[in-house]
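Each step along the sequence shown adds one to the number in this note's numbering, with nothing skipped, and position 10 is 639.
Since the hints were made in silico from the structure, they are not lab data.
Glycine included, every Cβ here is placed at the ideal spot set by N, Cα and C.
Mixed in with the good hints, there may be bad ones.
Label pairs and their in silico Cβ distance ranges [stated by the list, open to error]: (1) Val647 x Leu673: 27 to 35 Å; (2) Asp669 x Tyr645: 27 to 35 Å; (3) Arg663 x Ala643: 27 to 35 Å; (4) Glu633 x Ile654: 13 to 21 Å.
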Amino acid sequence: MVYEQHRLTIPSNAEYSVPQLRMMIREVELIIGREITADDWNNLS
630 MVYEQHRLTI PSNAEYSVPQ LRMMIREVEL IIGREITADD WNNLS
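Produce the entire structure from the sequences given, and follow the hints as far as they go.
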């Protein structure tokens, strides 16, 4: 994922654990400077 000057590598694992997903979402939230809502998540394509 690339956002402005930030680059985050997202592995292509077939299955993620809940803690792994939480960690990645928190890292993305720090990069974009806001919380990711359920609506944001559901609107991803």
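Outcome of the hint check:
1. Val647 x Leu673: 27 to 35 Å: violated, 18 Å
2. Asp669 x Tyr645: 27 to 35 Å: violated, 18 Å
3. Arg663 x Ala643: 27 to 35 Å: holds, 29 Å
4. Glu633 x Ile654: 13 to 21 Å: holds, 18 Å
Checked against the numbered hints given earlier, the structure breaks hints 1 and 2 and satisfies all the rest.
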